[in-house]
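Visitor: Single-letter residue listing:
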Amino acid sequence: MLTLKKEWLESKREGRMVWLSSIVLLLLGCALLSSWHSYQQQQVQKQQVIKSERERWVNQGDKGPHSAAHYGIYIIKPDTPLLIVDPGLSDYQGSVLRLEAHKKNDTLFRSIQDAIQMQRFGDLNPAFIMQTLIPLLIILLGFHSISAERESGTLKQLLANGLNPKRFYIAKVLALTGSGLLFFAPVVLYLMYSLLFSDSFSADRSTLFIVSYSAYIFIWSILTLSVSSYAKTSRSALIILLVIWALACLLVPKFAIEDAAQRYPTQSSQVFQSKLESEIYTPARQQAIAQFKQDTLAEYGVDKVDELPFLWSGAQLQFGENYANKVFDRLYSQRRKQLKAQSFHYQNSAIFSPFIALQTISMSAAATDLAHHQLFTNAGEKHRRLIQNTLNGDLKDNGLQSSKQNQRYQADHHLWEKIPDFHYQYPGIYQLSEHYGRAALCLILWLAALVLLSHFAIRRIEREGQ
Amino acid sequence: MNSLILGCEIKNLRRERLLWLLVVVTVCFSVLANYNGYQWVSAQNAVIASAQQEQQKAIVTAQQGLTERKSSNKPINWWDDPYDLRGQAFYLMVNYATKPPLPSAALAVGQSDVQPYFFRMLVTSKQDFINQYEFVHPLALLIGKFDLAFFIIYVLPLLLISVCFNALSQEKQSGQLRLLMLQGLSPRRLLFNQLVIRASIIILPLLLISVSALLLFSEGIGLLAISFFIGVVLAYALFWLALSALVISYGKTSAYNAAVLVITWLSFVIIIPTVLNSLIVTANTAPSRIEYVDSLREQTDEVDKSSSKVMAQYFQDHPELANKKRADKAEVTAGNETTNLPSTSYSTKKIAKIIATEKAMQPFDDAFQAVLMAQQKQAEQFSYLSPATIVQGALFDLSGNGLKRHQDFIEQVLSHHKTLRYYYQQRIVSAHQQGDFSPCEGCNARITVFDLAQVPQFTYQNKKTAMAWGSILMLLIFSEILMVLASLRLSMMNRSQTNAVLV
Chain A
92 MLTLKKEWLE SKREGRMVWL SSIVLLLLGC ALLSSWHSYQ QQQVQKQQVI
142 KSERERWVNQ GDKGPHSAAH YGIYIIKPDT PLLIVDPGLS DYQGSVLRLE
192 AHKKNDTLFR SIQDAIQMQR FGDLNPAFIM QTLIPLLIIL LGFHSISAER
242 ESGTLKQLLA NGLNPKRFYI AKVLALTGSG LLFFAPVVLY LMYSLLFSDS
292 FSADRSTLFI VSYSAYIFIW SILTLSVSSY AKTSRSALII LLVIWALACL
342 LVPKFAIEDA AQRYPTQSSQ VFQSKLESEI YTPARQQAIA QFKQDTLAEY
392 GVDKVDELPF LWSGAQLQFG ENYANKVFDR LYSQRRKQLK AQSFHYQNSA
442 IFSPFIALQT ISMSAAATDL AHHQLFTNAG EKHRRLIQNT LNGDLKDNGL
492 QSSKQNQRYQ ADHHLWEKIP DFHYQYPGIY QLSEHYGRAA LCLILWLAAL
542 VLLSHFAIRR IEREGQ
Chain B
57 MNSLILGCEI KNLRRERLLW LLVVVTVCFS VLANYNGYQW VSAQNAVIAS
107 AQQEQQKAIV TAQQGLTERK SSNKPINWWD DPYDLRGQAF YLMVNYATKP
157 PLPSAALAVG QSDVQPYFFR MLVTSKQDFI NQYEFVHPLA LLIGKFDLAF
207 FIIYVLPLLL ISVCFNALSQ EKQSGQLRLL MLQGLSPRRL LFNQLVIRAS
257 IIILPLLLIS VSALLLFSEG IGLLAISFFI GVVLAYALFW LALSALVISY
307 GKTSAYNAAV LVITWLSFVI IIPTVLNSLI VTANTAPSRI EYVDSLREQT
357 DEVDKSSSKV MAQYFQDHPE LANKKRADKA EVTAGNETTN LPSTSYSTKK
407 IAKIIATEKA MQPFDDAFQA VLMAQQKQAE QFSYLSPATI VQGALFDLSG
457 NGLKRHQDFI EQVLSHHKTL RYYYQQRIVS AHQQGDFSPC EGCNARITVF
507 DLAQVPQFTY QNKKTAMAWG SILMLLIFSE ILMVLASLRL SMMNRSQTNA
557 VLV
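Sequence lines, in order, name chains A and B. Every number in the numbering used here is 91 more than the matching position in the first sequence, counting from 1. Every number in the numbering used here is 56 more than the matching position in the second sequence, counting from 1.
Rather than coming from a laboratory, the hints here were simulated on the basis of the structure. Treat the hints with care, since some could be wrong.
[Stated by the list, open to error] Quick list of the computed label-pair ranges, beta carbon to beta carbon:
hint	chain 1	residue 1	chain 2	residue 2	range
1	B	Lys433	A	Gln501	35 to 43 Å
2	B	Asn101	A	Tyr521	42 to 50 Å
3	A	Gln131	B	Thr475	39 to 47 Å
4	A	Arg426	B	Ser98	19 to 27 Å
5	B	Thr475	A	Gln134	36 to 44 Å
6	A	Leu477	B	Val267	56 to 64 Å
[Claimed, not checked] Using 27 Å as the maximum straight-line C-alpha spacing, the simulated DSSO-like pairs for lysine-lysine come out as follows:
hint	chain 1	residue 1	chain 2	residue 2
7	B	Lys126	B	Lys113
8	B	Lys474	A	Lys495
9	A	Lys195	B	Lys406
10	B	Lys474	A	Lys194
11	A	Lys487	A	Lys509
12	B	Lys308	B	Lys365
Think of the CB as a built atom: it goes at the ideal place given N, C-alpha and C, for glycine as much as any other residue.
If we strip away everything but chain A, and leave its shape as in the complex, we get (with noise of 0.2 Å):
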């Protein structure tokens, strides 16, 4: 008691430290403010732009179901309210996306193509702040913790007066995990707001990131008591911590990254969406177009495909469809077992860094990840297969008189209305264990790790009262 007692004098005495406390938690604070409101603003215009889209294919009017199939519709990428706390790649990936005929297309409208070059040193957000700053201010907060009491001599007197090294380093550390979770208060406050107010859903998202947060906190002031309890003086502590903060949250995510997209590289854009075009369009599609009509005449029994009991053109669509459809699953599995190969691969680097746990951890229960990001694709597509198999099937079924008349097929709004509303909900955080369960094991391998450490760390300071 008497020990954190003092870590809070101290603490209190450090002018500069309070100053620098004070500014980060305002911008923390700040960060929350700003991104709870373009939040909101974005749910409002994400709702309207829904409706509106709905609308607009309800009331196309009459026309033929494969001009409906290119008209499309576009679909929006939902957010869960953990967004406001880290909005993690969102930026980079577009929520919007476009489903029409023929074509599957990439999510559209990514934000980071509207920023201006300064954007390129980060967002001011809360994950930004708690992620990276707030480790550099447990260190600034504790380097000197223990290799000032050390230096002072005071340590050795404490220790000559009965001072029981465990209970005086599990002191510190409860002081500085204690101030490093101030930080994180107005951001814990937010998350019960949300447990209290909201569904089981974001219930699991917000204890996951509750306790992945503190365990951060905890991580970093362990290290820095440890390191500060090695350190022959206050300055290589500092220094040493800081070497460890650059390289875990600066520096290792970039070479892991890089190492992963060098490991695991994907294709292209130019090469892939010319190799998707290159494997559609063939002679061989012609062909199996051909042997599909062949099929089906033999199917009938019919010669021509006039004479066939439904529309042919509605038929031979659905089939591009299917036989494009083939292609897509290919070209866009290989794709997507690299970007996952990747993630994993980044995800073991966090064994270097604990910044990159958390943040993969982080950006998992916010929905603001990869995987998130293709589910919702997956659902996308899934939807305009839907689509295009409902409008290609209507036009093969009811098609056929309007043909014979020599005119052309117009369906009207009860076709229109049978294509249901695209409604995506993200599985429970639990569920996506795999995307973020590598990560999770490395911060529990840190916490081991620093706790073993402690422990000879404890060992030292008995020593030193031998």
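We have chain A; now place chain B onto it with these hints.
Guide: Frame of chain A; chain B shown alone:
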């Protein structure tokens, strides 16, 4: 005296193992940063070469198949026919607009990883292609590459702080300073000599490696660009040295100096740029891209609904495309719905709709552009609040991977897009009027594309951008101010220490 101090300092430094570790780190990071820069340049060049190859292949394949197509009576859809203007214009054209990296591109990846550097062009509305992008793991974009710009902006100051923070203060703490002052040495001279020597062991390897890489691997790079790069690095390093001198001049302990310098680094390199960026973005809020989608759909629907009005406007804007025999019929006002228009094909209508949609969306696009320009203008004005933002702007511009060159590229792409559209629209109208698209009932369209090499091709015209010498000047001015302040404080220290020595 100076050579004595230098000799003594070099001897001291030789003994410091940590310092040599920092030199090794500098060398390794410099090599890695340059390597990453050149890797990225070579990856971009490979994509551009692949695009050009694909474009060339399409031209050659079409030339080789021309005779066969001429003699063939096999039914072919126009949208599958590479010899049909409409098929080429809307679906099959392989026409790329690419932005080749500058010789100095390896210095900073800048925004080249998030902004597209190639576009596949078709006769579509610009909204259909302008949002294309290179698909990579988005995490790689968030984290960014470890390039020379990152190394210089973020890591170089930390390395300089690491070697300089205990200059003078170590001598003061150990009591050597008083002895040295007894021999007539001023703290100012000692500190400045220490800083120069210590900074040299970091800056020299960095410059040596980077300049060698530029000379060896950047074909066509000018000496002026190299000089500018050296100037930026030296001016930025000078700023951090001057700041270190000022902090040290307060005469506190090494640990205190290190803590203050790290907090200053954090403020200048991380907090100020991110806060500044957030403030600029908040002060100039961009319109919503989600709402943009809504507007795009509304405008497209509107254009679809008022087809005859769109056609009237089209022929009013392009009377040369109306059939001369029926030119009188084209004299219509866009405001009046009329069916009294020249005979038009599906393709002409499609092009007219594309033009109308683009025109209707122009105010929305202008709004985004205006906000982006306002943000960039403010970012440039306020960049002087941090040396890191000054250096970022200078290096991004020098590498040609900043916003300015990208904007210039986009302008040229849009202009090429218009050229391509005009190329096709007049030929499509003419072919339609000559009956090339339906020469007889049920037969294929006539060949309307004989040589794809005749289709306008894109060549990026590189605009020479002025080098931001003002950035270097600003850094030098800031450094000068800091050095004057440090000198004043050191003079005070000199007096107080001399008094102490005398006592």
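Visitor: Among all the numbered hints in the text so far, which are the ones the structure does not match?
Guide: Violated: hints 1, 8, 12.
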